[in-house]
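Novice: Chains as they are written, first to last, in the numbering used here: chain W, 1 to 185; chain A, 1 to 193.
It cannot be assumed that every hint is accurate.
[To be verified] With a straight-line cut-off of 25 Å between C-alpha atoms, the simulated DMTMM-like cross-links for lysine to aspartate or glutamate are:
id, chain 1, residue 1, chain 2, residue 2
1, A, LYS75, W, ASP41
2, W, LYS149, A, GLU90
3, W, LYS124, A, GLU74
4, W, LYS23, A, GLU47
5, W, LYS62, A, GLU90
6, W, LYS15, A, GLU87
7, A, LYS57, W, GLU134
8, W, LYS15, W, ASP3
[To be verified] Residues from chain W that face chain A, not an exhaustive set, calculated with beta carbons under 7 Å:
id, residue
9, THR2
10, ASP19
11, VAL20
12, LYS23
13, PHE67
14, GLU163
15, ILE167
16, LYS170
Bear in mind the hints are in silico, worked out from the structure with no lab data behind them. Virtual Cβ for every residue (Gly too), placed ideally from N, Cα, C.
The chain contents come next:
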Amino acid sequence: MTDFEAMALIAKGDKSAFDVIVKRHQNALINYFMRYSGNLDTAAELSQEVFLRIYKARDRYKPKAKFTTYLFRVAHNLAINELIAKKRPDTKPIDNDEKIETLTTPDDNPETGTMAIETSDTIKEAMMQLNPAERSAIILKYTQGMSYKEISKSTGRSVAGVESLLIRAKTKLKAELQKRGVSAS
Amino acid sequence: MKKKSSNITKGKQISHKKAKMLFGPHLDGELDPKRKIALNDHLAGCEACREALKQEKALFSGLANSLETVEIPEKYNLVDSVAKEIEFLEIKSRNEGSVLGLLENFFPSKDRAKLRPSFSASLSYSFAIIVGISIGLLSGMLTPDASNTANYIEPDSSTATSYLDNMIESVSYSDEESLTNLYFGTETENTNE
Ligand SMILES: [Zn+2]
Chain W
1 MTDFEAMALI
11 AKGDKSAFDV
21 IVKRHQNALI
31 NYFMRYSGNL
41 DTAAELSQEV
51 FLRIYKARDR
61 YKPKAKFTTY
71 LFRVAHNLAI
81 NELIAKKRPD
91 TKPIDNDEKI
101 ETLTTPDDNP
111 ETGTMAIETS
121 DTIKEAMMQL
131 NPAERSAIIL
141 KYTQGMSYKE
151 ISKSTGRSVA
161 GVESLLIRAK
171 TKLKAELQKR
181 GVSAS
Chain A
1 MKKKSSNITK
11 GKQISHKKAK
21 MLFGPHLDGE
31 LDPKRKIALN
41 DHLAGCEACR
51 EALKQEKALF
61 SGLANSLETV
71 EIPEKYNLVD
81 SVAKEIEFLE
91 IKSRNEGSVL
101 GLLENFFPSK
111 DRAKLRPSFS
121 ASLSYSFAII
131 VGISIGLLSG
141 MLTPDASNTA
151 NYIEPDSSTA
161 TSYLDNMIES
171 VSYSDEESLT
181 NLYFGTETEN
191 TNE
């Protein structure tokens, strides 16, 4: 079943077809948000949010572009607008935090066994110095292996815009890596 | 400073600065033939840039390796949790206006996810929270010093109230605004087809 076929079934009310979509794309999506946020739990949470948004908008989906282009357009928008605007997950007001604590079941497994697959601290720190748009573009390029044209469709920028964004991002990244003792040779 | 090779070059040579701007697109395989020729012409006569390009290539292929897609552990498998959230959405739409629907307005799926970063037991927790809240509301726990249990939606009584107000605000944001500017509205921005 192709992504388009699955989305057509979902629009007709076949919820189980959405499992196919999630199963097929969750790894790429979690990777994107993991590189973006530096945290695997946050990445899974945001990926789930992307899938839910796509599901909620199922009636309006039109197979114009590749499904992954659409998927990462939603992901990119979430990363750029929401993640930063709301500064999640660390900076909630303290009193609200306490309220939340009392309402939830305590869940105590802080990052067990995830170190190996998360980005090395040096690269993570350097990546965090990039602004959201730059970071997203770098990840779409290097983690998703997208061409400039694909990145342009997922970010709503022109191809030339993507090129100059990536040049800026790489210049910054290079400086940040060198600051941290990473050199080319 | 830099020695130009004595080769005769056709046309105007690009500067070091311009050449360096082309390194990135060149390494990404995105240079059009015209710029490729310009870069190659420059490189042929400039050892400094050849060396700089070599270093840039090593740095970014190293970065590309460490940013590669990796296999995410099974405990982050989202198939079940997404299916459960969808199930919850359907229940919500069926119960619009009922008690369950009202509670979902205070604790939308988005905020439930924020409350609980682990995905393993999505729905059971959701129901546990809702049952807990219902009990809490009924026994007046959220407004301990209020005599009337219906007080919880009054504008300025306690911190619990403002918390609930925030929740209500986030509902309108998540359900209306973000959904409408997802993808469909901005497709025409892209003029590069
Ligand atoms: Zn040069």
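Novice: Honestly, which of those hints from before does the structure not fit?
Specialist: 2, 4, 9, 11 and 13
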